[in-house]
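Whole structure, please, built from the sequences with the hints as guidance.
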Amino acid sequence: MDPFLTLLHSFSSSLSDTELSSLKFLCRGKIGKRKLESVRSGVELFNILLEQQLIASDKVAFLEGLLASIKREDLVSQLKQFVEEGEVNAPDDQPDVLLSAAIICENVGRDWRMLIRKLGLSEVKIERIVAANPLNLHEQLVQSLREWQRWKGKDAKVADLIKGLRECNMNLVADKVEQNARGLVTPVVAFSWQKMCLG
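If you want my numbering, it's the position in the sequence shown, counting the first as 1, plus 144.
If you're looking for bench data, these hints aren't it; they were derived computationally from the structure.
Fair warning: there could be bad hints in the mix.
Restricting the straight-line Cα-Cα distance to at most 16 Å, the calculated cross-link-like pairs of lysine to aspartate or glutamate (EDC-like) are [what the hints assert, rightly or not]:
#, residue 1, residue 2
1, K203, E228
2, K307, D319
3, K269, E229
4, K298, D202
5, K320, D240
In structure tokens, the structure reads:
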């Protein structure tokens, strides 16, 4: 069973009629009036949002905004926890990004924060990762890159990693990542986040 659909079903079950009406109102700019009038449950509304690709297992920002607008912070927290636990955007889906991350982890030292900021990860998330791994620079970088890939989902690109490295003047590392992306370097092992976490 798809864990994201299970989560949506759970959300639907906890919505009152008033909250459902509010959600339908908030979706008026995205969904046609006739479709909205036929909606009788949260499941039906979420199904339309899924069909129109306004929400997906790797695209939860719109859903988070809707839940926040009707003051259901409990559901917002569940959604955020779901994302943080990795149920959304499985990070091992893109081996090219994963291998590039492995190269970065082996070649970037104390300046890792500068790179992660360039990639767009928030200061709050960075500090949370540091607090969870206070004495392990390698683990801090691994978890930061993992969080970046979760956040970006299918939009996580090797090109973004290379651009971030070059903007931080980490050109030697950028060259290595670029060579790997072009197939000039042949990986000898299959990487996973778990293996990278072991250092």
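Cross-check of the supplied hints:
{"no.": "1", "hint": "K203 x E228", "verdict": "holds, 14 Å"}
{"no.": "2", "hint": "K307 x D319", "verdict": "holds, 11 Å"}
{"no.": "3", "hint": "K269 x E229", "verdict": "holds, 14 Å"}
{"no.": "4", "hint": "K298 x D202", "verdict": "holds, 7 Å"}
{"no.": "5", "hint": "K320 x D240", "verdict": "holds, 13 Å"}
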